[in-house]
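Asks: The residues making up each chain are set out below.
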Amino acid sequence: MTVVHFDPLFATTTDVLRVLTLADYNTRVVVIGTMLLGLAAGVVGSFMLLRKRALMGDALSHATLPGIGLAFIIAEASGMTGKSLPVLLAGATVTGSVGVATVIFLRRFTRLKEDTALGVVLSVFFGAGVAALGVVQQMQSGSAAGLESFIYGKAASMVVTDARLIGAAGLIVAVMCAVFYKEFKLLCFDPAYAAGQGWPVTVLDFLLMSLVVTVTVIGLQAVGLILVIALLIIPAAAARFWTERMSVMTITSALIGGASCATGAALSGVLPRLPSGAMIVLVATAVFIFSMTFGRARGVLPRVLARRRLTVKVARQHLLRAMYEMTEEREPALVEPHALDQPGTRLSMTDLTRRRSWSTHQLRVQLSDAQEDDLVEPIGDGWRLTEAGLTQARRVTRNHRLWETYLITYADVAPSHVDRDADQVEHVLGPAMTRELEAILGERDPGGPPVLRSPHALSEVRT
Amino acid sequence: MTPVSAPISPTPAPVIAPGIAKNGVEHSPNAPLSIHDMTVAYHRKPVLWDVDLDVPEGKLIGIVGPNGAGKSTLIKAVMDLVPRASGTVTVYGKPYRKQRAIVGYVPQRESVDWDFPVSALDVVAMGTYGRIGWCMPVRKRHRDAAMHALDRVGMTDLAHRQISQLSGGQQQRVFLARALVQDAMLYLMDEPFAAVDAATEKAIVNLLRDLRSAGKTALVVHHDLQTVPEYFDHVILINMRIVAHGPTEQVFTKENLHKTYGGRLTLLDQASEALGRKDGLR
Chain A
1 MTVVHFDPLF ATTTDVLRVL TLADYNTRVV VIGTMLLGLA AGVVGSFMLL
51 RKRALMGDAL SHATLPGIGL AFIIAEASGM TGKSLPVLLA GATVTGSVGV
101 ATVIFLRRFT RLKEDTALGV VLSVFFGAGV AALGVVQQMQ SGSAAGLESF
151 IYGKAASMVV TDARLIGAAG LIVAVMCAVF YKEFKLLCFD PAYAAGQGWP
201 VTVLDFLLMS LVVTVTVIGL QAVGLILVIA LLIIPAAAAR FWTERMSVMT
251 ITSALIGGAS CATGAALSGV LPRLPSGAMI VLVATAVFIF SMTFGRARGV
301 LPRVLARRRL TVKVARQHLL RAMYEMTEER EPALVEPHAL DQPGTRLSMT
351 DLTRRRSWST HQLRVQLSDA QEDDLVEPIG DGWRLTEAGL TQARRVTRNH
401 RLWETYLITY ADVAPSHVDR DADQVEHVLG PAMTRELEAI LGERDPGGPP
451 VLRSPHALSE VRT
Chain B
1 MTPVSAPISP TPAPVIAPGI AKNGVEHSPN APLSIHDMTV AYHRKPVLWD
51 VDLDVPEGKL IGIVGPNGAG KSTLIKAVMD LVPRASGTVT VYGKPYRKQR
101 AIVGYVPQRE SVDWDFPVSA LDVVAMGTYG RIGWCMPVRK RHRDAAMHAL
151 DRVGMTDLAH RQISQLSGGQ QQRVFLARAL VQDAMLYLMD EPFAAVDAAT
201 EKAIVNLLRD LRSAGKTALV VHHDLQTVPE YFDHVILINM RIVAHGPTEQ
251 VFTKENLHKT YGGRLTLLDQ ASEALGRKDG LR
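Taken in order, these protein sequences are the chains called A and B. Numbering-wise (my numbering), the first sequence opens with residue 1 and increments by one. Numbering-wise (my numbering), the second sequence opens with residue 1 and increments by one.
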C-alpha cells in the first residue's frame, strides 16, 4: 500500500507563528541571511540604476547557470561532493564574469549595440547552462542535487552555513559601497569629468560590476537566477520615487530590499509550496507600486494632486476676476468694501455665464465652492462678492494687470491679445515675482491705485 | 592612475626643449598649454591633424570652427579623454596627468543626465573630490568651498535644489562652479555659452574676465561668431586642423573665417556683421 502524503499549501497555524516569530533557529538564519542579501542588492542596485547598467545584471545572472552545472560536474568527477554551495557559487562567479566580459567585448570591438550584446550573451549562456544541467541529470548523484532550485530560488533549501556565507558576502558588499560612495557617485553622474580628474573610471566600473556579480551570485539560492535582476532593480527604482537625494535613495533602496527579502523568505516559510524567489519579488513589487503611487518626490498621486490643486485654483481665480471686472465695468466705485451691499453689485447667472466659456453647470459648481469659502454670496437670483472675496479678487486682478502691462511694455504683445497671454502666467506668479513686477513697473505708476486700470477695454475680451 | 591630489611621483617629467617646431611655432617651456604635433583619430579616421600651438598665459582664448571641426576633441585630447594618435601635450611644462589639479574642466551640458538625484551643491562639491582623495567623505570645508563657488556664479539661492529643476543656464553655471572650486590655473570649457539665457551669458562673461584678472587662462569652445571679438583676446580657428590662431584683431578676419567655414555664407554674414560692429567701436 502506498501512503499518499498530502503536502498542504498552507501550513498549520503553529507553523506560521513559528516562522513569523523567528522562533526556529533555522528560519531565523534564513530570514536574516536573505535580508542582508536584499540590503546589499538595494545598495548596489541603486548605483547600477544610476550608471544605466540595469540590464547588465540580467545577462550576468543568466550567465551563471553553466557555471553551476560545470562546477558540479567537475567536482563530482574529481571525487568531491558537487553539492556544496561555495563550489557551485565559485562556478557561477566564473561564468557570470565571463558573460559580463563578453558583453563589454562585443560592445567595444564589434558594432553591436548594447541591447543586442546583452540579448546574445543572456540566451547563449542560459542555453549552455540548461545543457549542462541536462548532463548533471544523467549523472548518478545529479538528479538528487536539486540544481534547478538555482533557477527559481529556494530559500528553504539553505542550510545555516549557506545563510552565513550569503549574509557575510552581502554585508561586505554594503560596506564596500559605503566606502566607495563618493567615487561611485561621481562615476555614475559624470564619468568623463571623473576621468579628466584622474579617477580610474575603468577600475571603478570594474569594482562596481564585481559587487553586482557578488550580489547576483549570492542571490541565486534564495531568489533564483531569473528573478535576481528584480532584486537589483526594483528596490532602487522604488526608492527613486521618494527622494531627490542620492544618499537617501541608496539607504531607502537598501531598506526596501532588506524588508522585501525578509518578508518574502518568511512568507515562503509559511507557504512552503511557493518558491521564495517569487515571494520576494512579489513583495518588492508591492512596495514598488506603492512607491510609484504615493512617492513623495516623484510619485504619480502627489503629482496628480498638485495638478488638480492648480486647476481648482485657476478656476477660482477666473471666477473672482470675472466678478470683479464685471462689477468694475458697471461702476468703478462699486468694487470697494463699503459699496458691496449696493444693488449694482448683483451679477445675474446670465451675465456670468456669458463672461467666460464655462458651462452653467461648471459655473454653479464654482459658485457654490466659493460660497463655502465665504467668498461669494447669493443675492436674489444672482451672486455678489463678499468682503473677503473682494480682497482676493482685487489681488488676482492686480496680478493679472501687472502681468499684462509688463507684456505690453516689454514683450510688445498687442493690447488686444494680452489678456489671454497673461491668463497663462498670472496664476503661478509667486509673491517674489509679483514684487519684481511691481519694481519694474513701479516707475510707470508711482503710488497708483491698488489695482491698476486694465490696459485694454474689458468688454473687448471674451475668454 | 591617481586622483589629482596624489603626491607627484619622483620620476621627472619629460621637459620639452624650447625651439622651433616644424611649422614654425615657437614653444615656450612654461606656457599654460602647449600642444606639439598632435593628431587625433576616431576609429582610424583622423579628426584633428597636426595641431601645434602654444596658449598664452592670462588670456581668454576662443576656439572657433564649424560643427565637426574637432573643437571638443581638441579639449578632450588635451585631457587624455580621447587617445592621441601622435604628439605631446604639456600644461605649464609638464604632462597633463601631473597637472590635473590646476586644470579645471567644464564639459558640455548635454554630456550628463540632469535627472540625477543630486543637488547643485553636490555637483559643485565633486570639484573637490580630487583633493579629498580616495574613500574620504566630503567635509564641511569642502562644502563651504563649493558654496563659495556657487556664490561666484550667482547661484547661492539654488544650492540645494535638485539639478533637474534648474534651467539650462543655471545648470551651466553649476558646471562652471564645479571647475571654479578647484581653483585651477587653466580652464578648459566646452561650449559654456550654448543655449543659455542672457543673464547666464553675462554672468559667464564677467566670470571669465575675473579669471583673466586673476592671471588665469581660459580656453573656451565657442559657437557664436558675433560675440567672439567682444569676449576673447585670442582665437583659435579650427577645422580639422588649425586654420589660424593668435590675437583676435589679427586672426579673426574675413579671409581666415572663409578658410575655416568654407562657403557657409550665413555664418560669414554674422561674422562680417560682428567685424563691422567692432570696427565701429574702435
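It is worth saying that the hints were derived from the structure and are not from the lab. A few of these clues could be false.
[What the hints assert, rightly or not] Label-pair ranges, simulated between beta-carbon atoms: (1) A:Arg303 / B:His43: 16 to 26 Å; (2) B:His43 / A:Val312: 39 to 49 Å; (3) A:Arg435 / B:Lys140: 28 to 38 Å; (4) B:Asn206 / A:Met349: 35 to 45 Å; (5) B:His160 / A:Leu301: 46 to 56 Å; (6) A:Lys313 / B:Asp113: 42 to 52 Å; (7) A:Thr311 / B:Asp197: 42 to 52 Å; (8) A:Arg435 / B:Gly215: 14 to 24 Å; (9) B:Thr156 / A:Gly380: 36 to 46 Å; (10) B:Thr39 / A:Gln138: 54 to 64 Å; (11) B:His160 / A:Arg303: 14 to 24 Å; (12) B:Pro137 / A:Arg435: 51 to 61 Å; (13) B:Thr156 / A:Ser247: 42 to 52 Å; (14) B:His43 / A:Ser357: 20 to 30 Å.
[Stated by the list, open to error] Straight line, CA to CA, 20 Å or less: simulated SDA-like cross-link-like pairs of lysine to any residue: (15) B:Lys94 / B:Lys45; (16) B:Lys98 / A:Arg108; (17) A:Lys52 / B:Ser111; (18) B:Lys140 / A:Val248; (19) B:Lys45 / A:Lys182; (20) B:Lys45 / A:Leu70; (21) B:Lys98 / A:Ala169; (22) A:Lys182 / B:Pro137; (23) B:Lys59 / B:Asp224; (24) A:Lys83 / A:Leu70; (25) A:Lys52 / B:Trp114.
[Said to hold, decoys possible] Every beta carbon over 12 Å from chain A, so not counted as near; a handful from chain B, in silico: (26) Pro66; (27) Asp80; (28) Tyr92; (29) Arg100; (30) Ala101; (31) Ser111; (32) Asp113; (33) Lys140; (34) Gln162; (35) Ala195; (36) Asp197; (37) Lys202; (38) Ala214; (39) Gly246.
Backbone N, C-alpha and C define an ideal beta-carbon position, used for all residues, glycine too.
Asks: Hints numbered earlier in the text: which of these fail when held up against the supplied structure?
Replies: The structure conflicts with hints 1, 2, 4, 5, 6, 7, 8, 9, 12, 13, 14, 15, 16, 19, 20, 21, 27, 29, 30, 31, 32 and 34, although it agrees with all the remaining ones.
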